[in-house]
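Put together the whole structure using the sequences plus the hints.
In order, the protein sequence lines correspond to chains E and S.
Residue 64 in my numbering sits at position 64 of the first sequence; the count goes up by one each step and never skips.
Residue 1139 in my numbering sits at position 139 of the second sequence; the count goes up by one each step and never skips.
Where hints are given, some of them may not hold.
Said to hold, decoys possible - Computed far set for chain S versus chain E, every beta-carbon distance over 12 Å:
1) Ser-1037
2) Gln-1079
3) Asp-1080
4) Asn-1182
5) Gln-1212
Unchecked claim - Pair by pair, the computed Cβ-Cβ distance ranges are:
6) Leu-275/E x Gly-1029/S: 43 to 49 Å
7) Ala-1086/S x Ala-184/E: 33 to 39 Å
8) Ala-1088/S x Gly-265/E: 51 to 57 Å
9) Glu-1085/S x Ile-177/E: 43 to 49 Å
10) Pro-1042/S x Ala-195/E: 42 to 48 Å
11) Ala-1086/S x Thr-175/E: 40 to 46 Å
12) Gly-1029/S x Arg-201/E: 18 to 24 Å
13) Arg-11/E x Gly-1227/S: 50 to 56 Å
14) Ala-1088/S x Pro-14/E: 23 to 29 Å
15) Pro-14/E x Pro-1051/S: 39 to 45 Å
16) Ala-1086/S x Arg-201/E: 17 to 23 Å
What the hints assert, rightly or not - Which chain S residues face chain E? A few, computed with CB under 8 Å, are given here:
17) Pro-1090
18) Val-1098
19) Met-1109
It should be emphasised that the hints constitute simulated quantities derived from the structure, not laboratory data.
Don't be surprised by glycine CBs; every beta carbon is placed ideally from N, CA and C.
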Amino acid sequence: MSEMFDPARWRPAPFLPESETRDGALVFVVAVLCFLACMTAIVVIAGDRAAHGWSGQLAEQATVIVRPRPGETPDAAAAAAAETLAGVQGVAEVRALEPEKAYELVKPWLGDVADVEDLPVPRLVAVTLDKKRPATANELKTALKGAGVDGIVDDHALWLEDVRRAARITRGMGTVIFLLIASAAAAAVAFATRAGLAAQRDVVEVLHFTGAEDRYISQLFQVRFARAAAVAGLIGAGGAMLAGAILRLMGGSQGLTPALPIAWGDLLAVVPCPLMAAGVAALAARWTSLGLIREMQ
Amino acid sequence: MSRNPIASPANDPAEVVRFDDVSMRYGRGPEILRDLSFGLAPGSFHFLTGPSGAGKSSLLKLIYLATRPSKGLIHLFGQDIAHAEATARPELRRRIGVVFQDLLLLDHMSAFDNAALPLRIAGLRPDDYRGDVAELLTWVGLGTRMHAFPPTLAGGEKQRLAIARAVVTRPQLLLADEPTSNVDHDMALRIYRLFVELNRLGATILIATHDQDLVARSGRPALHLEGGKLSLRAPQGPTLT
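Take a look at the structure:
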């Protein structure tokens, strides 16, 4: 009897090797792909919010160009327009822009003009509309006409459609990119799992020919590879969450930039990643192991 | 003592193995086995002989359900394996012990774990078999190597471990593919005696071998496979026990 081995103290070894040199590569590949998929998800969510913000801001505002009537000062015309518009239902706030603001707006086209005040620059009134029931351009025009104010209402409709189209494209592209990366990650998990399992063909053969049920063998591999993929998914998702948090902190309250306003809640998008990676790996392991077993019959 | 396997009547439900007009080919290659019909009675002991490439391993694979015939019927323990439910096949395999030609030992398991594997798969508790496994390993000369892992075992030790794994459940049918190819003469005789002992306990034995000396000295019949055809060679000389 062996001096080093006491059968009375023997405990059965796991059917599968506890660690394989391939496992490290599998975990690395899956973790990197999970990181990329999670980062894409965070960016897509933030980008979607930004797109909503752009169109929302435009839709909630209108600009009125006020032309003074003969004998009326521009300031008086602007004040009359602001007063009229403030009383319209669906208007939240009205603000007559200072002349300097209007001059600043035309400055890029006129350049530095010495007597800019002498130019007939129209006065502008910025109207913030009620979010729940915004007033329409026609309602604003009717109110101005009724009050005898000569003004042109610009409800940004021309720009709004362009911005909305741009937002739709941004959102669509982001979703497609996310789906592509997520699919690539899932395929990589499946291929890595298949490669790992092919290396264990001997174990499958021995268990199979000594009478283990196909389902039992398959479950061994499902658990093994699902666990490895879950760990990889956890690493990838954790890395993406950390990177997202850094971007959020770098950008202050607005996120990295106004164009990519990452919110803390967006980081939760990575939570399902480890489960999804584990699920894909389990399915791949199941199909591959049952395929291997079928080849042996 | 064995019955004549070639002459046994078709579909005898008592037969452990029954082949009826079985042929086998790999892919589109030529037939390796052609229209084989034979049966192995319970408790019989046969060698399977023939030149290299004659199809001995393929014949064993057909019996332990590692491959399927291209035509013909195979019955195992009275069951038509072509119509056996997928769930019934593991149960059939658990009644068969196999010494594989390439041994198929699991490198990540100790010799003890390898030998105990079929008992674990059969669902037995470790306390019910740990003593038997230790005794068997000692008997095949691996008493001091139970803790060792296959990569550290010598060729003969690996072979003995594979044999221990095949016989540990006392299978009703034992198939061995060149079980003594890597052991010396004394160990070959010792292993042969283990098979004889199992046979005495009721197991049906079929051993593929090139060891003509062992076949001749054993006094056991041999199924000789050549050119895809099977013939029975009667025992020569006294039975070696």
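Each hint, compared with the structure:
1. Distance check on Ser-1037/S: its Cβ is at least 23 Å (rounded) from any Cβ of chain E, clearing the 12 Å threshold; non-interface status holds.
2. Taking the minimum C-beta to C-beta distance to chain E, about 15 Å, the non-interface status of Gln-1079/S holds against the 12 Å cut.
3. Every CB of chain E is more than 12 Å from the CB of Asp-1080/S (nearest about 15 Å), matching its label as outside the interface.
4. Non-interface status of Asn-1182/S relative to chain E is upheld: no Cβ of that chain comes within 12 Å, the nearest being about 18 Å off.
5. No beta-carbon of chain E is positioned within 12 Å of the beta-carbon of Gln-1212/S; the least distance is around 28 Å.
6. For Leu-275/E and Gly-1029/S, the Cβ-Cβ distance of about 47 Å falls inside the hinted range of 43 to 49 Å, so the restraint holds.
7. The hint said 33 to 39 Å for the Cβ distance between Ala-1086/S and Ala-184/E, and at roughly 35 Å that hint holds.
8. The given range of 51 to 57 Å is respected by Ala-1088/S and Gly-265/E, whose C-beta atoms sit roughly 54 Å from each other.
9. Checked against the hint of 43 to 49 Å, the C-beta distance between Glu-1085/S and Ile-177/E comes to roughly 48 Å, which is consistent with it.
10. The supplied range of 42 to 48 Å is met by Pro-1042/S and Ala-195/E, whose beta-carbon atoms lie about 45 Å from each other.
11. The hinted window of 40 to 46 Å between Ala-1086/S and Thr-175/E holds, with their beta carbons roughly 42 Å apart.
12. In this structure, Gly-1029/S and Arg-201/E meet the distance hint of 18 to 24 Å, their C-beta atoms being roughly 23 Å apart.
13. The beta-carbon spacing between Arg-11/E and Gly-1227/S, approximately 51 Å, falls within the hinted interval of 50 to 56 Å.
14. In this structure, Ala-1088/S and Pro-14/E meet the distance hint of 23 to 29 Å, their C-beta atoms being roughly 28 Å apart.
15. At roughly 42 Å, the beta-carbon separation of Pro-14/E and Pro-1051/S lies within the given 39 to 45 Å, and the hint holds.
16. As the Cβ distance of Ala-1086/S to Arg-201/E is approximately 20 Å, the hint placing it in 17 to 23 Å holds.
17. Interface hint status for Pro-1090/S: upheld, as the beta-carbon distance to the closest one in chain E is roughly 5 Å, under 8 Å.
18. The beta carbon of Val-1098/S is positioned within 8 Å of a beta carbon in chain E (closest approach about 6 Å), and the interface hint is therefore held.
19. Hint status for Met-1109/S relative to chain E: holds, with the closest Cβ pair at about 5 Å, below 8 Å.
Violated hints for the displayed structure: none, as all numbered hints are satisfied.
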